[in-house]
Amino acid sequence: MGINVSGNLRLVFASDDDKGSLFHTIRYANGTWSKAGLVQRATNLSGWRPSGVAGSAG
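Sequential numbering from 298 applies to the sequence shown in the working numbering.
A portion of the hints provided could be inaccurate.
[Claimed, not checked] Below, simulated DMTMM-like cross-link-like pairs (lysine to aspartate or glutamate); rule was C-alpha separation at most 25 Å, straight line:
#	residue 1	residue 2
1	Lys332	Asp315
2	Lys332	Asp313
3	Lys332	Asp314
Calculated from the structure, these hints are not laboratory results.
Go ahead and model the full structure; you've got the sequences and the hints to work with.
In structure tokens, the structure reads:
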């Protein structure tokens, strides 16, 4: 998923494994990129993971 905010493209993408990891990065208007980081490190999303995904509460 990508969202353009003030010329900066914010991207959220999932890993292709069974851990349900979400990553976030930004492509700034000047063409540079931020380092991709785990969304889970900033926010506890364990309750949002589908049942059966490793690390899920359900």
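- prompt: Which earlier hints turn out false for this structure, listed by number in ascending order?
  reply: Hint check: nothing fails, all pass.
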